[in-house]
Structure formats: C-alpha cells, structure tokens
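These protein sequences, in sequence, are chains P and X.
Residues 1 to 227 (the working numbering) make up the first sequence, in order.
Residues 1001 to 1464 (the working numbering) make up the second sequence, in order.
Do not rely on the hints blindly, as some may be mistaken.
[Said to hold, decoys possible] Reference excerpt, derived from the structure (chain X facing chain P, CB under 10 Å, subset only):
1) G1063
2) A1126
3) P1129
4) G1146
5) I1234
6) Q1240
7) R1321
[Said to hold, decoys possible] Label pairs and their calculated CB-CB ranges:
8) S1057/X - H83/P: 29 to 35 Å
9) F1143/X - R203/P: 42 to 48 Å
10) T1043/X - V52/P: 56 to 62 Å
11) K129/P - S1160/X: 42 to 48 Å
12) V1274/X - H83/P: 47 to 53 Å
13) S53/P - V1340/X: 36 to 42 Å
By construction, these hints were calculated from the structure, which means they are not laboratory data.
C-beta: ideal position from N, C-alpha, C; glycine also.
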Amino acid sequence: MARWGMAIDLDRCTGCGNCMAACHQENNLAAVGPEQTEQSRAFHWIRLVREVSGSDAHATVRYTPTLCVQCDDPPCVKVCPVHATYLSEEGIVGQIYARCIGCRYCMAACPYNAKVFNWYEPEWPGELKKKSNPDVSLRSHGVVEKCTFCHHRVNHAREQARAEDREIRDGEVVPACAESCPAQAIVFGDLDDPESMVSARARSPRAYRPHEDLGTRPKVFYLEEQE
Amino acid sequence: MSAEHTVRPELGPTVSHDLSERDIDVLLASVEQPGSAFRVVTTVLVLIILGAWVLFSRQILYGLGVTGLNQPVGWGFYIVNFVFFIGISHAGTLISAILRLSNAEWRRPITRMAEVITVVVLAIGAFHPVLDLGRPERMLNIFTAGRLQSPLLWDVSSISAYFMASTVYLYMPLIPDIALLRDRGARPRWLYSFMAWNWQNTPRQREVLERASNIMMILVIPIAVSVHTVISYIFAMTLQPGWHSTIFGPYFVVGAIFSGIAALMVVMIVLRKVFHLERFLKEIHFAHLSKLLLVMSLLWFYFTFSEFLTAFFGNEPAEIRVFFYKFTGPYAIPFWGMVVCNFLIPVVLLSFRRTRTIPGIMVASIAIVIGMWLERLNIVVPSLANPRLALPSGFYIPSLVEWGMFVGGLATFALGFVVFARFFPLISVWELREGQETAVSETAERVASYLPDRLENAPTGETT
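One chain only, chain P, in its complex shape:
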C-alpha cells in the first residue's frame, strides 16, 4: 500500500500562485471575497507564505507554498471529539464533512495552521458556480476542511490501475497544485517506493520537513539550498 507524500523544491518555486488557483478550481473551494479576506478569513488549502528578510535596500522575498503536511502523527486527529478527522491507511489526513460539529479544536491544535473553516455558507459568484468539479463534494457552512492531497485523483488512478490489473505507476497521480506548477517544483508520489521521484527528492541533502522537532512526522518535504 502506498504512503503518499509530496516534495516541494523551494529553489524552483517562483511564487506565481498557480498552485493556489488550481487548488481552488479542483476542490470547489468557496470564493469568500475581499470583505472576508479583510477579516482574515482567506480560504485556501494551499497558500504562499511570504517572508521578507534583509534590509530595505536589499530585501529578499521568500515564498513557501504551505499546505496540510499530512502528518503521520497528526495533532488534529488526536483532539477531534467525534472522529471527523482521521488518518487514512495511505497516510492522508481526511475530514468527514457530514460528521464535523465545527468545534474547530483541530484548527487550534494544528501547528501548521493548515485547516480552514466555513464561516458562512460557501458561495461562488457568477459563472464559477457552474464550474464545480463533480469529483469533489461540496461543503456546507460550519464545518472544517483541508487539503486532501487530491485524494479523488488517487482514487481515480487506483481504479484505472485495478482495471488494467497493475500497480499505480510513479507519477500517475498528480495533484492539481503539482499539475499546475510551471516550474515543476512540486512532486507527488509514494514515499514507500524507493524508486519513486518523491522518495528520491526526500532523500536529497537539501530536503527537510517543516517543524520536524514537533514529532508530527509530516509527509511534505521542502527542498532548499541552505546558506
């Protein structure tokens, strides 16, 4: 059984934001609008965290695409009172929207701030409403949601492979963010397969995981040349 993981090469990332846009389209994320964004309720499963360092004259801007890191020991799953968030057999942290009571304890417990909450009933202005992806369920107000590693694409690939009586090939599952990345900075695959591209990148000397010290064992790796 696969153990899905992701490697993001920060040295390749240009900070273009395609991954955010693709994720929104793919996963039917609500368009909360500028007013809600002002209120710090921006709604993304993946977002670019911007860090500015250096002096005003020589500022360095660094973008980190941040998403749920799909911990193997997820702090959010531990605290959920109703088993609405869980760790699947393939290592994806899922959310059961129909069971979630909206207490937001998982959001408070997540050290990566990866989860978002539907403060109002989700809305899509104009044409966007007709463009929703039929593979991904819509959420209602009052529940928490999060990145699923595009698990509907994983399911699709698994069915395809089963029909053709073979294993899922490396690179067959591509989440929307990875697919849209013009710099090919994002690689997705099976971490348990030593031949896979993602394991090769995860073994790179440039690779690290966010906040490894917390013992959450994330499955998202960042690659970055250290100074």
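Position chain X against the provided structure of chain P, taking the given hints into account.
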C-alpha cells in the same frame, strides 16, 4: 407561625427556637414577601437575555461568520467565557465542601450561596461550547461517535459529573428549609410539599441527610478539581506555544478557586445589602474569606510568574513570540490589566486591616473577577494569534453578537440568583439553627480535646 404548621412532635424533637421568629422572617423574606421589586428585576433581566438571543439568531441563520472569529484566531469570547464561567463555579461547591469538611464553624451562612453560584454558573458555562459550534445541531455526535481520547470528551464527562454532584449537593441541605417553608404555608404549596420529600425532621431522616451530605462533600472535591484540570488540558494537550505547559492543570484550578471566591464575595455583599442580612453575614465572615482570597492571589501570582519566567528564559522562538505579544505587544493592556487586577489591587487592599473592610473587599473582588476574565482572554487569544509558521500575527475583534451573548450570560447569572432567592432561602436556616444549638458546645469539646492530657488520665506507658 402560620396556621398550617404541621410539624408533628411525635416524629422527632421539634426544633428549638434559639433563632428568633423575627430572624426567620428576615431569612425567608425573599420567599414570603417578594414584592414588586422581584417582578421588575426579573422582567429587566429576561428582556436583556431575550435581546441577547435576538442578536444570536443571526448566528443561527448565517453561521459563525457573524462573530469576529477568523483564521488563525478560531476561538474567542465563547471559549473565554466558557473557561471563565466554569472557573467561577469552583467557588461554590468546592469552598462549601472544604469548609464543611474542615469543620469551619463560620461557614454556616455562606455555604448555600456558594452552592447556588456553582449550579447557576456551571449551567451557563457548560452551554458556551455549544454556542461556539459551527453545527450545533450535530452536537449529539459527541455521544454517538465520541472519541474518549479527545480532551473535549474529558470535559463533557467531568462537567456533567460536576453538574450532577453540585445540584444534588445544593438540593440535599435545602430539604429541611423547604420543609420549613412548606410548614409555614409558602406558595406554591405543591412545589414545597413535593420538594420537601416528606421531611419531618425525624432523627432517622437527619442521620440519613448527614451521612449523604458527608459522602457528597467528599465526592465533590475531586470532581471539582478534575473539572478545571481537564479544561486546562484542552489547551495543554496541544503543541501550541503558550498552551503546551505542564503546570496548566493546577494553574487553572488555582485561578478557578480564586475567581470563584471573588465572585462569591461580590454576590454576598450585594445580597447582604438587598435582603438586609447584615446580622447573619457579618464582617468576620468577610474577613475570613478575604484572607483565603489573599492566599489565592499570592498563589495565582506564583503560578503566573513560574509560567512566564519559564517561557522567557527558554527563549524558544514560538514561545517568545507569544510572550512579547502579551508583554509589550497588542495584548499588553489585557496582560498588565490582569496583573494589576489579580495581584496588585487585591494584595494591597486585603493585606491591611484598614482596607480589609467591606468596601475594600468589594473593590478587590470585582477587580479579581475582571482580572480572571482577562486571564482567560490572555490564554486563549494570543496563542492562537501567533502561529508557529512565519505568518503575520492574527487579530480578533469580537462582534456585537459575541458581546451580546456575554452580557446575556451575566444577566442569566443574575436571573438565576433572583429566581433562587424568590423560591428558596439564601442562607441555610436549619444549619444556622443547628449551629446555635450545638456548635458552641461541640467546638468547646473539640478545643478541649486538643489540650494536653492531664497526668492522671494519660495512658500508663507514657507516664513512666
């Protein structure tokens, strides 16, 4: 005494009347002569509460978006007030149980009010997490799909146990007083005759009541301690900076008892004035309680100091960010306000006999109640606002709905007291009576038993 008086002397010794009829009239005045003030106050309070629910209806219609909550500050007033109100509830049952257990004779006019606070405030506090749910209609999932591994479930268990125990603990010592009201013909009669549980003051009944009270008072202490410990665990069990602390359990319990005693003092001073109880709630009762309050204030400071010094000295980036957010950042006013209200004001006012008067105690107690509310705010919001990731600090501005529910909660607290005072005596009449009949001789006996044995009575082994 009224014509309906039905105590049957053959069933047991009739109560002696050391407590004069006029005393009893004063103690039962709130029940027997409620007057128009009761109606006015109740109406005002009910209107305030209705207003709060009208505001809250917007949240029911549109969702939690009508609050000031956001990402990352996903918890605000509802959770702050949950922790705050449940903290206040520790006044009651815990204090009354400890005072009963330690045979503190001065407890007699205090315990009833303390127990009422617990029950009223616990009901209000326990309701707050429901207000905070995105999908309150799915609340019962906690029972059908509950995970006992989640600290929230520990809370549900602990708070419901405490609510049960403290309700029983309030009701049991109330039975003889309800019987007294029944015998005096207070209305509605069905209420008192039903609730008096056929109390006839027989020796057997008194024995059962005493034994049951003793069991409850011992049972209630560990439950009360567990309640605020597991509330602290909601925060301490996460990895978040400012929350992940081993002293949170005792820190919360100390803060809870601290705020509880302060709220008790405020209530006692107000009710003493309103119902003319000066002869029963005397300066000495306040002096004793205020010394307890002073000790709790010092303990609170000790815990706070340890908590913040550890964070500062360790200098861990995530922790220090929360630390300075409180010390010098946007939460400096709530933080230093908390230190002034919880430590400076009470310690100054309660340390000196000249200021340890009823007005001084009132000021200190109100300061502590405000300070402890600020403490809850300082715990919940700054940690959420400062995530570990390199994100800008979050902000939180409570909306009108949240303020409305806060005021509504306070009004419910007042209404709880008004309604209780309308139907039941605020000071335990039979316990005061018992005190006058037996306490002096019992205390004298007890003190005599502490004194050194006389030579001729001592066991022979030790005299050689």
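Outcome of the hint check:
1. G1063: holds (4 Å)
2. A1126: violated (14 Å)
3. P1129: Nearest chain P Cβ about 7 Å off; hint holds.
4. G1146: At 6 Å from the nearest chain P Cβ, G1146/X passes the 10 Å test, so the hint holds.
5. I1234: holds (7 Å)
6. Q1240: holds (7 Å)
7. R1321: violated (13 Å)
8. S1057/X - H83/P: 29 to 35 Å: Cβ of S1057/X to Cβ of H83/P: about 31 Å, so the range 29 to 35 Å holds.
9. F1143/X - R203/P: 42 to 48 Å: holds (47 Å)
10. T1043/X - V52/P: 56 to 62 Å: About 58 Å separates the Cβ atoms of T1043/X and V52/P, which means 56 to 62 Å holds.
11. K129/P - S1160/X: 42 to 48 Å: holds (44 Å)
12. V1274/X - H83/P: 47 to 53 Å: holds (50 Å)
13. S53/P - V1340/X: 36 to 42 Å: holds (38 Å)
Violated hints for the displayed structure, listed by number in ascending order: 2, 7.
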